[in-house]
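A.B. asks: In case you want the letters, here they are:
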Amino acid sequence: MPELKIILEAVLLAAGEPLSLERLLGVFPEAERPEREALRAALAELATDYTGRGLELVEVASGFRLGVPSAFSSWVSRLWEERAANYSRALLETLALIAYRQPITRGEIEAVRGVSVSSGIMKTLQERDWIKIVGHREVPGRPALYATTRVFLDYFNLKSLSELPPLTAPRDPNLVGLDLERRITTSSGSSTTRTESPDD
Amino acid sequence: MPELKIILEAVLLAAGEPLSLERLLGVFPEAERPEREALRAALAELATDYTGRGLELVEVASGFRLGVPSAFSSWVSRLWEERAANYSRALLETLALIAYRQPITRGEIEAVRGVSVSSGIMKTLQERDWIKIVGHREVPGRPALYATTRVFLDYFNLKSLSELPPLTAPRDPNLVGLDLERRITTSSGSSTTRTESPDD
Amino acid sequence: MDTPLQPLAKVDGEPYTQLPHDLYIPPDALEVFLETFEGPLDLLLYLIRRQNLNILDIPIAAITRQYMDYLALMQELRLELAAEYLLMAAWLAEIKSRLLLPKPAPIESEEEDPRAELIRRLQEYERFQQAAQALDALPRLEREIFVASAEPPHRESTRPPPPVGLVDLLNALREALARAELFDRHPIRRETLSVRERMSQVLERLDALRFTAFTELFQPEEGRLGIVVTFLAILELLREGMLELVQSEPFAPIYLRRRG
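Protein chains in written order, with the numbering used here: chain E, 1 to 200; chain B, 201 to 400; chain S, 401 to 660.
FYI, nobody ran anything at the bench for these hints, they're computed from the structure. Don't take every hint at face value.
[What the hints assert, rightly or not] So the derived label-pair ranges between C-beta atoms look like this:
1) R449/S / K359/B: 50 to 56 Å
2) S648/S / R142/E: 33 to 39 Å
3) A85/E / T248/B: 55 to 61 Å
[To be verified] Just so you have them, the derived chain B footprint on chain S, three or more residues with Cβ under 8 Å:
4) 445 to 453
5) 477 to 489
6) 537 to 547
[Claimed, not checked] Which residues of chain E face chain B? A few of them, derived with a C-beta cut under 8 Å, are:
7) A10
8) L13
9) A14
10) A15
11) L25
12) V27
13) G54
14) V58
15) F72
16) W75
17) V76
Beta carbons are placed, not taken as given, at the ideal position from N, Cα and C, and that holds for glycine.
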């Protein structure tokens, strides 16, 4: 017959709920039933055995219970981690505009999206360390200029921004937006992309 | 930070269900994630630690699980009044046929048992999540093909179907010859093969 | 194998653990017993085992008689007799009669022993009876083994940041740009330049005899829109065969003239 404390360990592990002294005594056939004192002593021994282990013996109102110490809660919590919610379309569009059109002001993002960009979105992106302020546009109000970070590149497995997938132009390049407009007249790089559009 | 095996112990105890290697790895933040090999080694250590204790580490179909060894079942079962469900012969025979002959149709089960299989049995087995429909046989009526699940294996403490107790061979492989009778002089080997497995 | 049927019944307070060797059992005791058969194959296996017979060597005549006796009893007890039992009775009778037929001629000796199929089915069923027992004997959860668990610690609510794919990013940008297009178009304004109008203007400027440099047709002060419209007008005129376009070599200046 196994040692008393080992039987108690097995019973407590199988129970998965607090067990009173009476219930613990009840698992032994009458002839083998230990004294209450012996039971208490065995439980105390168990508690000592668990020092430095992933479980502990706790006495609660309804009896004795085995538990996982709170020191392990970060690992245990990750077991049931809720699946990450998806980012909103607004956030993704904002991030995309910053990635492809950086450096860009919030006003410029709003001009393209046609709606205002919430501060929450900018905050989330900054907290995730995907975007940062790289300067200010020298226009009235000196709006901040946003750009993506190295963390952003790492996350998407990119060595540099030039590895971003090419953006095929919308049908009419004329209508893309202020920032774009400015660039097209000056740089030929982006207009090369434009000419690929089959619709013109 | 606690030792790897101690974290695993805590997580497995808190989970109370089998955890795959992937899920175990998932409880570590990316930066601290151990190698699969290290994880396996820690699990092996744990299993050794439990020698002589009231718990054991078992690998079942869906992963690793901590369990109370059957040596303690007499004490543990006294915790509850008659909790262990006993299953009817009809249910066990049906389950055995599905386990050994999967995928199998209800008609094929009935052909071996010589009686119709009650819908209640199929329902019970499905509700317990022990069997599932895995397809349909492409014959008239497209009868459903049944197979056992991981839950079934987990429940019976098995890692895979190959761990099922071996099916006894028919007593006499040459049975159809019926040499005993000497009434008929031929040995019809072709029908012998039929007894092997009607599904092959 | 012992069938897990015992104790069979109590008759006059006496528990029966073994069926009497003769068939006569008080009917009310038998009822319970008969109902526990899992079907005709189960009943036949029981009869064979009861007499310690080898499945391979069943005396068909004797077994058939016993089977029929049980059936008669079941009918007497008005048990719901499943069709399977009656089918088996018919089969047994058929086997019996075929065995009684005169010895087959040599040519027909390839024919199977009429009992072969029955024996095959009995053996197959017996295998699965044993498999079912083996399965039942396996230690299983909640009976011999129990999941070991301990109360989980208080949970920290952790929510990982959502994953984002590069494609998501690209799609988001496309959508934003597509919407931007709609936005920009909405302010209704008169189209300042129409391609048709510009086609006429281009034609006016061109001569049927003299070539005109392609670049001369564009007026930078009109802006991008003007340039695009002029370009479209030229393309349309070429398509309609109203212009002739000449370039002496790649990258050389392009010249245009009107088709006469």
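A.B. asks: For every hint, state whether the structure bears it out.
C.D. replies: Taking the hints in turn, this is what the structure says about them:
1. R449/S / K359/B: 50 to 56 Å: Taking Cβ atoms as reference, R449/S and K359/B lie about 35 Å apart, which means the hint is violated.
2. S648/S / R142/E: 33 to 39 Å: Roughly 53 Å apart at Cβ, these two residues miss the hinted range, so it is violated.
3. A85/E / T248/B: 55 to 61 Å: 42 Å, violated
4. 445 to 453: violated (count 0)
5. 477 to 489: Three-residue rule met by the region 477 to 489 of chain S, so holds; n is 3.
6. 537 to 547: holds (count 11)
7. A10: 3 Å, holds
8. L13: 5 Å, holds
9. A14: Because about 4 Å separates A14/E from the closest Cβ in chain B, which is inside the 8 Å limit, the hint holds.
10. A15: With a minimum Cβ separation of about 6 Å from chain B (threshold 8 Å), the hint on A15/E holds.
11. L25: Violated - the Cβ of L25/E stays beyond 8 Å from chain B, reaching only about 10 Å at its closest.
12. V27: Since the shortest Cβ distance to chain B is 4 Å, the answer is holds.
13. G54: Result: holds, 3 Å to nearest chain B Cβ.
14. V58: 13 Å, violated
15. F72: 4 Å, holds
16. W75: Constraint on W75/E satisfied, holds at 4 Å.
17. V76: 4 Å, holds
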